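Visitor: Chain residues, written in single-letter form:
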Amino acid sequence: MTPAVVQPINMSHNQDTSPQDQWIDSVLDQAEGIVAARPSPNLLARIEQKIDGHVPEIIRWANWRTIAAAAAVLLALNFFALRSPQSAPESEGQTESPYTQGELGIDYSLYAP
Amino acid sequence: MFLGRHHTLIHAIGKGDRKAFRTLYDLFSEQVFNLALSYVHNRKDAEEVTQDVFVSVHRNAARFRGEAAVSTWIYRIAINKALNRIEKNKRTPSFQADSTDEAWPIFDHPGVVLENKERAAYLFRAIHALPEKQKTAFILGFVEDLPRQEIADVMELSLKAVESLLQRAKANLRKKLEKMYPHRRK
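Chains as they are written, first to last, in our numbering: chain A, 1 to 113; chain B, 1 to 186.
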C-alpha cells in the first residue's frame, strides 16, 4: 500500500463553539486516533484450512490435452460412422413409415372425431 | 514501489504457490483487517471478512490481469466483502436496534482505547448510517488515511467525485451526530 498521507478532517466550526459543536468535533477527531489492530495469529491457518477444503477450479493443462484428444477421437468415430455405406439402414423389406406413405394427415383432420 | 513484487506474488499464488500466499497475507492482512473493522466494528466479523478476502484473493489470483495495483484490487475485494457482511448481519439478532429502529453493529473495535470508546462508538455509528459511497470514501480517506488518488482508484471514480463524496460525508456526519448529542433537548 502507498504510505498514508495524513489529511485532517478539519471539520471544526471555529466561529461556533457551542457545547454541541465541541462534542461533535471531539467525536469526529476519533477518526484520527484509531490504533492499527492486528488479526488473531491463527487467522492465516484458518484461511489456509478453508482454501484446502475448496475444490480447485483450475483444470491442469495435461487434463485439457486428454479431454481434447478424447473429444477428437469421438468426433472422428462419428464422422466415419456417418460416412460409411453400411451405416445407412437398408429400407428394403421394411414396412414403409406412415409418414412417408402419406396416410396420416391426408385430409388434414388428424384430430377430428 | 512494490508494484512489481506484488504482481509477481499474485502470479505465483495463481500457480498455487502457498509461500507467496503467506507473504501476501503478511503484507496486507493488517490493512484488510483494519478496513473491515471500520465497517463491521467488531473483531469477530472483521476476522471473517479478512478470511473471505484472502480466500477470494487465492481463488481469483490466476484471473488477476494486473490492470490495477494489487493493493487497489485487495481493497475493492475487502470493501465488497465488508458490505456483504453488513447486509448479512442485518438479518441476525447480533445487531442492536436504536431509537430510530436502525440496525447497527455491536461496537468492539480493538484499535480504540477504552477512554475514547464511547465517542468512537458514536462516530462509527454515524459512519454506519451514511450512504454506501460516502461511507467508503470517509473510511478510506479519514480512518485509513489513504491518499485521494488511491481512494479514486479503489472506488473507480474521478478525484473530483471523491472530493465531493468526502464533503457530503462530512456534512452528513455532522447532521447525524447533532441528532445523537447526549445532552440534546427533546
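Just so you know, the hints here were simulated from the structure itself, not pulled from any lab data.
This one's a predicted model, so the numbers in the text were calculated from it and none came from an experiment.
Even for Gly, the Cβ is constructed at its ideal location relative to N, Cα and C.
Among these hints, one or two may not hold up.
Stated by the list, open to error - Examples of chain B residues toward chain A, derived with CB under 8 Å:
1. Ser29
2. Leu37
3. Glu47
4. Leu83
5. Gly111
6. Val112
7. Leu114
8. Ala120
9. Tyr181
10. His183
Stated by the list, open to error - With a straight-line Cα cutoff of 20 Å, these simulated SDA-like cross-link-like pairs (lysine to any residue) come out:
11. Lys50/A <-> Arg18/B
12. Lys50/A <-> Pro182/B
13. Lys88/B <-> Lys117/B
14. Lys117/B <-> Pro182/B
15. Lys44/B <-> Pro41/A
To be verified - Derived coverage of chain A by chain B (criterion: at least 3 residues anywhere in the stretch with Cβ under 8 Å from a Cβ of chain B; other residues may be distant):
16. 17-30
17. 62-69
Visitor: Run the distance test for lysine 50/A versus proline 182/B: straight-line Cα separation, threshold 20 Å.
Guide: violated (44 Å)
Visitor: With a cut-off of 8 Å on the beta carbons, see whether glutamate 47/B makes it to chain A.
Guide: Since chain A brings a Cβ to about 6 Å from glutamate 47/B, closer than 8 Å, the hint holds.
Visitor: So, tyrosine 181/B near chain A? Judge it on the closest CB pair being under 8 Å.
Guide: Holds - the Cβ of tyrosine 181/B comes within 8 Å of chain A, reaching about 5 Å at its closest.
Visitor: Next item in the hint list is leucine 37/B. Is there a CB on chain A closer than 8 Å to its CB?
Guide: Cβ of leucine 37/B sits 6 Å from chain A, so the hint holds.
Visitor: If you draw a straight line from the CA of lysine 88/B to the CA of lysine 117/B, is it 20 Å or shorter?
Guide: violated (25 Å)
Visitor: Decide if the proposed pair is consistent with the structure: lysine 50/A and arginine 18/B, CA atoms, cutoff 20 Å inclusive.
Guide: Between lysine 50/A and arginine 18/B the Cα gap is close to 13 Å, so the pair holds against 20 Å.
Visitor: Between the stretch 17-30 of chain A and chain B, see if three or more residues pass the 8 Å beta-carbon test, and mark the coverage as holds or violated.
Guide: Holds: 8 residues of the stretch 17-30 of chain A have a Cβ under 8 Å from chain B.
Visitor: Does histidine 183/B meet its interface restraint, that is, does its C-beta lie within less than 8 Å of any C-beta in chain A?
Guide: holds (7 Å)
Visitor: Under the criterion of a CB-CB separation shorter than 8 Å, is leucine 114/B in contact with chain A as hinted?
Guide: At 12 Å from the nearest chain A Cβ, leucine 114/B fails the 8 Å test, so the hint is violated.
Visitor: Does the closest beta carbon of chain A sit nearer than 8 Å to the beta carbon of valine 112/B?
Guide: Given a least distance of 6 Å, the restraint on valine 112/B holds.
Visitor: Can you tell me if the stretch 62-69 of chain A counts as covered by chain B, using C-beta to C-beta distances under 8 Å and a minimum of three residues?
Guide: Our answer is that it is violated, as 0 residues pass the Cβ test (under 8 Å) against chain B, missing three.
Visitor: Under 8 Å is the threshold here; is the Cβ of serine 29/B close enough to any Cβ of chain A for the hint to stand?
Guide: holds (6 Å)
Hints 4, 7, 12, 13 and 17 from the earlier list are contradicted by this structure; the remaining hints agree with it.
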